[in-house]
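Those sequence lines, one after another, are chains H and V.
Note that the first sequence ends on residue 158 in the working numbering; no numbers are left out.
Note that the second sequence ends on residue 112 in the working numbering; no numbers are left out.
Mixed in with the good hints, there may be bad ones.
The calculated lysine-lysine pairs, modelled on DSS-like cross-linking and capped at a C-alpha distance of 30 Å, are [unchecked claim]: (1) V:K19 - H:K74; (2) H:K113 - V:K84; (3) V:K77 - H:K73; (4) V:K32 - H:K36.
Keep in mind the hints are simulated off the structure, nothing from the lab.
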Amino acid sequence: MGDEVEKENTGHARELEISFGSHLGYLDLVQELSDKISLLVGFDEDARYWIGLSVRESVTNAVHHGNELDEEKKVGVRFESWPDRLVIYVQDEGEGFEESDVPNALDPENLLKPSGRGIFYVRSFMDEVCYEILPEGGCEMRMEKRLNNQKQGDGNEN
Amino acid sequence: MKIESRSVNGVTILDIHGKITMGEGSRGIRDKVRESLDGGVKNILLNLGDVSYIDSAGIGELVSSFTTVTNQGGQLKLLKLTEKLEQLLAITKLTTVFDFFDDEAEAVGSFS
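Excised from the complex, chain V in its bound form (with noise of 0.2 Å):
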């Protein structure tokens, strides 16, 4: 896994390739979206569309740092979902918890 972070309109994107799972050491992820945090930028999207692999551990990984965010008083928010990601969230009722976008643009507008 490989994470390339930068910042667009006051938001931090971050931008994930390859594989988020148990064996890759999916805790990366935690670790930018605490760097953007400590650096004061509350608002965070998760660029998924160069995942090549998700497993239960790296879902845990984006709840995780959801939950991080929004502890914080943060918003945390996923673009370019998979078709087989968005089904792994589905199935466990996560796409209610989680705001995803498409289109990169509208996603960095509808932070508050």
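Here chain H stands alone, though its shape is the one from the complex (with noise of 0.2 Å):
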């Protein structure tokens, strides 16, 4: 974790941290974990639904575009919670991508695409977003959201 992180932790944190192997049937147990993680730190109704939204997207991509659904590849998913914000890290073995290469969900052209919109939500619906190769090699997201700004779905900020 970078400075900027390091100096904002106040209070200490409570991890929780799993594992699977990359297969869709994990999004809700994922999704529900951090329905209640969310809870635990005092996230509002509306708002743990978009953190478990962004979860569950930025799952999706792990184990469907990063792993490519090969069940032998894992995707971790580490839960950070802190007394003033929740912070997500997701994990996959993938090669990972350049965030240039994602297509702007909002372009004319790209509003009728059948996909491209998770990282979009994520990215909206999320405080910060950022994305790591790994030097041990694979990929992780990591994801916050902090207690004072529960924004709601306005999906400007970005």
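With the hints as a guide, bring the two chains together.
Quick look at the structure:
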């Protein structure tokens, strides 16, 4: 984690980490975990819904695009609960992607495409989203939601 | 996800129940839409009032169904959006694409 994150760490974090083979059948389980942990941090119902959706979209991407549905490849999800925020890491064994290669879901030529909205939704509902290609291989997505900034579906801040 | 099909005044209404997500196999909607088109009914109303959850794959399924119907010269409209679904559509500007209604009779009457 970078210096900016380190200096904001007040109190202590509770961590929960799970790892599973790349199967879409785990989506509901991960989303339920997200809902429970978001509740413990203190997020309201709307925020919990959008955090859960963001986690679901991120894990779907990891399973589907990162690990290409190869059940031998693992997806890791780590929840860090801080007194003032929730940080979620989603890791896969894929090669990652360039953010600039992700089409803008709002461009008129993309409006009627059947796919390409997942990451857009995550960026809309979470306060911070970043990606990292890991030195040991794989890709990790980090997303953060702050308790005092429960934006709920306005989707304009990126 | 469960889909029931009925016909009202020449409009196929698909009542969709449950989750429309990647994990649930969201393609069912497209298949039902194709069945209606193959049967010669090109005006289709998707009743989403009993949809408990939808993700980006589900939104993609709605879009895909819309383009399929439009390309065949038909119309696909939406009925009874939940608050969350309307937010997801609005964020991605899809409320400018879809016609949507709260009242079934009004929706059925809107097809030209």
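Violating hint indices (sorted, rising): Of the numbered hints given earlier, those the structure breaks are 3 and 4, listed in rising order.
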